[in-house]
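Asker: Protein chains in written order, with this note's numbering: chain A, 109 to 623; chain B, 135 to 250.
No lab work stands behind these hints, which were simulated from the structure alone.
Where a beta carbon is used, it is the ideal one built from N, C-alpha and C, also for glycine.
Treat the hints with caution; some may be incorrect.
[To be verified] Taking lysine to aspartate or glutamate and the EDC-like style, the derived pairs with C-alpha atoms no more than 16 Å apart in a straight line are: (1) A/Lys-170 with B/Asp-185; (2) B/Lys-163 with A/Glu-123; (3) A/Lys-201 with B/Glu-217; (4) A/Lys-113 with A/Glu-138; (5) B/Lys-163 with A/Asp-131; (6) B/Lys-163 with A/Glu-127.
[Stated by the list, open to error] For each label pair, taking beta carbons as the anchor points, the in silico distance ranges come out as: (7) A/Asp-135 with B/Leu-249: 22 to 32 Å; (8) A/Lys-229 with B/Lys-163: 22 to 32 Å; (9) A/Lys-208 with B/Ile-237: 36 to 46 Å; (10) B/Gly-244 with A/Asp-135: 32 to 42 Å; (11) A/Val-245 with B/Gly-145: 30 to 40 Å; (12) A/Gln-248 with B/Glu-159: 21 to 31 Å.
[As the list claims (entries may be wrong)] Some chain B residues near chain A, calculated using beta-carbon distances under 8 Å: (13) Arg-156; (14) Ser-173; (15) Arg-191.
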Amino acid sequence: MNSLKHRILVVDDSEINRELLSDMLSDTYEVDEASDGDEALLMIQKNSASYSLMLLDFMMPKMNGIDVLDSMRKNGWLEEIPVIIISSETNAKIVETTYKYGASDFIFRPFNETVVQARVKNVIALYEKQHRLSEMVASQIYENMKHSNMLISVLSHIVEFRNGESGSHILNINTITGILLRKLMTDPESVKIKDEEINLICTASSLHDIGKIAIPDAILNKPGRYTPEEFAVMKTHPMEGANMLDKVPFAKDELLMKYAYEICRWHHERWDGKGYPDGLQGNDIPLSAQVVAIADVYDALTSERCYKKAFDHDTAINMIVNGECGAFNPKLLDCLKSVADTLKVEMKNSTFGSQVEQEFYNVAELMSTDSDHAVFANAFRKLRYEQNKTKFFADTSKNVLFEYIYASSHLTFSTAAKDLFGMPGNVPFPENDEPFLSIFPAGEFEKLKKALANLNEENPRMECVIPLFARGKLAKFKLVCQKDWQMLASGKKSAYAIIGKVMEEKTWMSRLFTH
Amino acid sequence: MDVKAFYALIGESYDDVVTRLRYEECVVKYIRMFIDDPSFGEIVSGFEKSDCAKAFRGVHTLKGIAGNMGFKKLAQLASDLTEDLRPGSFTEQSGALLETLKIQYEAVVGAARKLD
Numbered sequence: 109m110n111s112l113k114h115r116i117l118v119v120d121d122s123e124i125n126r127e128l129l130s131d132m133l134s135d136t137y138e139v140d141e142a143s144d145g146d147e148a149l150l151m152i153q154k155n156s157a158s159y160s161l162m163l164l165d166f167m168m169p170k171m172n173g174i175d176v177l178d179s180m181r182k183n184g185w186l187e188e189i190p191v192i193i194i195s196s197e198t199n200a201k202i203v204e205t206t207y208k209y210g211a212s213d214f215i216f217r218p219f220n221e222t223v224v225q226a227r228v229k230n231v232i233a234l235y236e237k238q239h240r241l242s243e244m245v246a247s248q249i250y251e252n253m254k255h256s257n258m259l260i261s262v263l264s265h266i267v268e269f270r271n272g273e274s275g276s277h278i279l280n281i282n283t284i285t286g287i288l289l290r291k292l293m294t295d296p297e298s299v300k301i302k303d304e305e306i307n308l309i310c311t312a313s314s315l316h317d318i319g320k321i322a323i324p325d326a327i328l329n330k331p332g333r334y335t336p337e338e339f340a341v342m343k344t345h346p347m348e349g350a351n352m353l354d355k356v357p358f359a360k361d362e363l364l365m366k367y368a369y370e371i372c373r374w375h376h377e378r379w380d381g382k383g384y385p386d387g388l389q390g391n392d393i394p395l396s397a398q399v400v401a402i403a404d405v406y407d408a409l410t411s412e413r414c415y416k417k418a419f420d421h422d423t424a425i426n427m428i429v430n431g432e433c434g435a436f437n438p439k440l441l442d443c444l445k446s447v448a449d450t451l452k453v454e455m456k457n458s459t460f461g462s463q464v465e466q467e468f469y470n471v472a473e474l475m476s477t478d479s480d481h482a483v484f485a486n487a488f489r490k491l492r493y494e495q496n497k498t499k500f501f502a503d504t505s506k507n508v509l510f511e512y513i514y515a516s517s518h519l520t521f522s523t524a525a526k527d528l529f530g531m532p533g534n535v536p537f538p539e540n541d542e543p544f545l546s547i548f549p550a551g552e553f554e555k556l557k558k559a560l561a562n563l564n565e566e567n568p569r570m571e572c573v574i575p576l577f578a579r580g581k582l583a584k585f586k587l588v589c590q591k592d593w594q595m596l597a598s599g600k601k602s603a604y605a606i607i608g609k610v611m612e613e614k615t616w617m618s619r620l621f622t623h
Numbered sequence: 135m136d137v138k139a140f141y142a143l144i145g146e147s148y149d150d151v152v153t154r155l156r157y158e159e160c161v162v163k164y165i166r167m168f169i170d171d172p173s174f175g176e177i178v179s180g181f182e183k184s185d186c187a188k189a190f191r192g193v194h195t196l197k198g199i200a201g202n203m204g205f206k207k208l209a210q211l212a213s214d215l216t217e218d219l220r221p222g223s224f225t226e227q228s229g230a231l232l233e234t235l236k237i238q239y240e241a242v243v244g245a246a247r248k249l250d
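Whenever a hint applies, use it, and build me the whole structure from the sequences.
Answerer: As structure tokens, then:
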């Protein structure tokens with residue numbers, strides 16, 4: 109029952125005063141006490157800001173009430189925890205200042221038990237109502253964004269698979285577009301684009317090749333060089349894509365549509381005017397399309413295609429900068445050069461950063477800086493920290509770890525796992541991925557799949573011994589994994605992820621003996 | 135001596151306190167705690183060390199506690215010294231105000247010690 113009680117933090121340097129309030133409130137609330145500002149802030153931090161109210165003495169040694177309010181505001185706690193100042197202070201200026209610093213209410217000493225009870229109850233109720241409302245708005249926004257992003261992902265993946273490109277092409281374009289635009293924003297002379305719009309451009313970039321739907325299979329997936337006629341057909345895909353978007357009967361005024369249109373139509377234009385379909389020159393080409401054009405070329409160069417091998421990162425950057433792959437905005441080329449190192453790391457580290465998570469990051473980033481939805485801000489900040497922590501451990505530990513996310517059908521490997529199996533960090537749609545399947549001797553993958561399907565919430569974890577090809581040799585491994593469920597909005601549960609660890613036999617055998 | 139007699143002895147209203155704080159048994163507890171409350175000691179130590187801020191904090195706290203417990207006279211005297219020290223330095227009257235406060239404080243604490 110106790111957990112249902114609201115928690116109140118009483119902050120006062122005088123023991124009598126704390127005792128007084130504690131006695132009054134402890135029947136209805138769970139009351140914690142702190143004897144100075146430092147202790148109070150520490151307690152809020154430790155309890156993840158779970159207090160429903162703080163009663164704060166104004167006059168204290170070290171930090172006074174104003175100092176405490178100020179620290180709480182800086183930490184974003186003031187939006188979550190209302191503060192009632194209690195003081196014998198009757199000086200109007202001081203009372204005014206405490207309100208200005210974000211106090212919700214003021215109780216004068218000597219106080220009356222009834223007044224304290226009523227004010228505490230009212231302030232808590234008011235904050236709760238506000239929280240519920242902004243939580244509803246926030247989750248609505250997140251849901252909407254998630255749905256539209258999901259549809260865009262589905263659509264762009266369909267196009268991609270028809271093109272015979274790897275599932276990570278879209279993800280890569282997204283990532284590079286974001287990195288380049290954010291770099292460009294640091295140039296004081298460049299046009300300013302808001303962070304939300306950069307996210308929109310990244311999302312819209314997924315649609316750059318939808319026009320390829322209109323290209324016949326025989327041409328699209330032809331191995332070897334195109335004839336001039338075939339090339340002419342290929343060159344229609346930007347205009348085809350733009351026309352498709354133009355025919356969408358709704359959302360004409362949406363920024364996302366505007367960017368998607370620009371990107372589709374003009375991502376094959378060249379800075380020198382020798383591109384297609386319109387031969388636009390220089391800044392007549394919208395910035396969104398200029399950036400995606402570079403991202404597209406970079407990813408094409410660094411990926412293996414049926415007609416070419418993958419170039420390494422440094423070669424690709426050099427080829428682009430030297431103008432071997434088209435003509436680009438010199439400012440963007442400068443950006444590309446200066447983010448080259450970041451890009452190298454980011455592209456390699458697509459591990460634990462699948463597209464779904466990237467979108468989540470973007471939403472989380474927005475939310476955590478959005479004062480209108482401060483309720484979620486702390487939760488997102490904490491979640492981001494947890495994700496970064498996980499990524500750090502996955503990158504640095506010698507453990508062979510993997511994670512499979514159902515929603516995006518992405519399998520990711522930790523650094524040690526990549527080394528052991530010679531796999532990239534990120535394997536989209538592993539069930540259709542030849543290199544991934546070749547880790548398993550015949551029949552073993554199917555066996556594992558069956559075992560995983562049998563996991564349920566009562567028994568979410570399994571251990572087994574499995575033969576796998578690692579570093580070119582077949583060896584026995586111990587596999588431990590766990591399935592994770594999430595509650596859908598409909599109230600149904602669905603499998604969300606599988607996380608797991610692979611141990612080489614000698615490792616776990618030696619562990620068995622030492623324990 | 136019971137708690138009513140205590141309030142009569144220091145010339146304050148018991149009824150006022152018990153209406154505000156509601157819990158009779160708690161009032162006795164607070165009076166006992168008041169004997170060991172460090173606020174007055176902090177005022178004195180502030181005066182001794184010429185630390186006006188410390189004395190101000192002490193007397194400000196004392197004013198609040200005394201007010202809440204219905205020690206109106208003590209609260210008024212504490213309030214007088216609070217306002218005297220608020221600008222941040224001791225004045226010519228500060229010493230005299232402390233003396234008057236001390237007499238009343240000792241009267242209250244003296245009576246409190248006689249509680250059963």
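Asker: If a hint holds in the structure, say so; if it does not, say that too.
Answerer: Outcome of the hint check:
no., hint, verdict
1, A/Lys-170 with B/Asp-185, "holds, 14 Å"
2, B/Lys-163 with A/Glu-123, "holds, 12 Å"
3, A/Lys-201 with B/Glu-217, "holds, 14 Å"
4, A/Lys-113 with A/Glu-138, "holds, 6 Å"
5, B/Lys-163 with A/Asp-131, "holds, 11 Å"
6, B/Lys-163 with A/Glu-127, "holds, 9 Å"
7, A/Asp-135 with B/Leu-249: 22 to 32 Å, "holds, 26 Å"
8, A/Lys-229 with B/Lys-163: 22 to 32 Å, "holds, 25 Å"
9, A/Lys-208 with B/Ile-237: 36 to 46 Å, "holds, 39 Å"
10, B/Gly-244 with A/Asp-135: 32 to 42 Å, "holds, 34 Å"
11, A/Val-245 with B/Gly-145: 30 to 40 Å, "violated, 58 Å"
12, A/Gln-248 with B/Glu-159: 21 to 31 Å, "violated, 51 Å"
13, Arg-156, "holds, 4 Å"
14, Ser-173, "holds, 7 Å"
15, Arg-191, "holds, 6 Å"
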